[in-house]
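Novice: Chain by chain, the residues run as shown.
There are 2 protein chains.
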Amino acid sequence: MDINRLQQQMGFLLEIDKLKNILRQTYITNGSRQENDAEHSWHLAMMALTLEEYANEKNINLLHVIKMLLIHDLVEIDAGDTFAYDEKGHEDKQEREEEAANRIFSILPDDQAEGLYSLWREFEDRETPEARFAAALDRLHPMLLNHQAKGLTWKKFDIRKEQVLSRNKTIAEGSEDLWEYAQAVIEDAVENGYLR
Amino acid sequence: MDINRLQQQMGFLLEIDKLKNILRQTYITNGSRQENDAEHSWHLAMMALTLEEYANEKNINLLHVIKMLLIHDLVEIDAGDTFAYDEKGHEDKQEREEEAANRIFSILPDDQAEGLYSLWREFEDRETPEARFAAALDRLHPMLLNHQAKGLTWKKFDIRKEQVLSRNKTIAEGSEDLWEYAQAVIEDAVENGYLR
Numbered sequence: 012m013d014i015n016r017l018q019q020q021m022g023f024l025l026e027i028d029k030l031k032n033i034l035r036q037t038y039i040t041n042g043s044r045q046e047n048d049a050e051h052s053w054h055l056a057m058m059a060l061t062l063e064e065y066a067n068e069k070n071i072n073l074l075h076v077i078k079m080l081l082i083h084d085l086v087e088i089d090a091g092d093t094f095a096y097d098e099k100g101h102e103d104k105q106e107r108e109e110e111a112a113n114r115i116f117s118i119l120p121d122d123q124a125e126g127l128y129s130l131w132r133e134f135e136d137r138e139t140p141e142a143r144f145a146a147a148l149d150r151l152h153p154m155l156l157n158h159q160a161k162g163l164t165w166k167k168f169d170i171r172k173e174q175v176l177s178r179n180k181t182i183a184e185g186s187e188d189l190w191e192y193a194q195a196v197i198e199d200a201v202e203n204g205y206l207r
Numbered sequence: 012m013d014i015n016r017l018q019q020q021m022g023f024l025l026e027i028d029k030l031k032n033i034l035r036q037t038y039i040t041n042g043s044r045q046e047n048d049a050e051h052s053w054h055l056a057m058m059a060l061t062l063e064e065y066a067n068e069k070n071i072n073l074l075h076v077i078k079m080l081l082i083h084d085l086v087e088i089d090a091g092d093t094f095a096y097d098e099k100g101h102e103d104k105q106e107r108e109e110e111a112a113n114r115i116f117s118i119l120p121d122d123q124a125e126g127l128y129s130l131w132r133e134f135e136d137r138e139t140p141e142a143r144f145a146a147a148l149d150r151l152h153p154m155l156l157n158h159q160a161k162g163l164t165w166k167k168f169d170i171r172k173e174q175v176l177s178r179n180k181t182i183a184e185g186s187e188d189l190w191e192y193a194q195a196v197i198e199d200a201v202e203n204g205y206l207r
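Going down the list, the protein sequences come from chains A and B.
For the first sequence, our numbering assigns the number 12 to the initial residue and increments by one for each residue that follows.
For the second sequence, our numbering assigns the number 12 to the initial residue and increments by one for each residue that follows.
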């Protein structure tokens, strides 16, 4: 056993505990509090495991999808969560997150640092079937929670139906079926007064 | 698309949001609050991804390990978290968790319900290389966090070194290397006064 290598790995695993303190704008389904990034990442991995059959491209690599989902928000330990509808926040999001990726993944031994950095870039670039499906789940997840919480976040930021449709239509690139389902959720939210 | 099937799957995914409300006795590394089961499950999946090379048996199926870790605590939605050193709580733990597994996994379509139930049983039985490695990580994780939080939980319940060694020695069944590391963590905790 190479103890230096193991200590780097343990250093990384303790560092990423901070993801549990990064709050999102989404509330957990009972509306009692905001969700954090670690819980969100777990829930997305569970969605991948349960909804794999709806990916547009068949025979996707599920392990690859789950790995991307587990690590996709680690950059927010440094860069913070940028709210989906925060246009100003998105201006320098890429730069902030690139710096964060470099710092956080570099805590690992080089081979693993490179592996996780590539996975993160793949998720961001949405150019592989796995990345498109992972990104679709990442978009769908807050809509499902927000619908359950009777539109708490949509109301808080006065979000309109057109914004939700425009922001989330890329779900179709990963899963036509889930985009169809998402649109029904949006319609239901409007009918129930959760979304304007 | 079979909409009934998808609705069962979505019902399951919304039900398991409750895992975010199940608190463990372990504190997050900064000691500010207790960890919940959803965060714990995410952190374990990250440990599997990072520490795979230390499994006793080579060529384990990483996807299988990660799936087990993602779902292993879902039964606690109904059965609650049983603290590692709570002897009374362990008397009826098995029965309570079996009932919970039946209810929660049955929300899914039958094929998926059976699949997740089998995975959960495999984790509990610790008879496959994947289950032994997953269980080793599940034991190691609270020790790492507790050490970082300067022994908060050990002190709160007046846990002694012998109890920690006895409870966690099964880590060696999944990973001799990680058990060696765990023992060093325990020694360090004693030296620093985190553990009696």
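Heads up, a few of these hints could be off.
No copy labels: a pair is met if it fits in one copy or bridges any two.
[Said to hold, decoys possible] With a Cα cut of at most 30 Å, we get these calculated BS3-like pairs of lysine-lysine: (1) Lys172 / Lys29; (2) Lys104 / Lys69; (3) Lys69 / Lys167; (4) Lys69 / Lys166; (5) Lys172 / Lys161; (6) Lys69 / Lys161; (7) Lys161 / Lys99; (8) Lys29 / Lys166; (9) Lys29 / Lys161; (10) Lys167 / Lys29; (11) Lys99 / Lys69; (12) Lys167 / Lys104.
Keep in mind the hints are simulated off the structure, nothing from the lab.
All of these numbers come straight from a predicted model, not from anything done at the bench.
Novice: Going back to the hint list, which numbers does this structure go against?
Specialist: 2, 3, 4, 6 and 11
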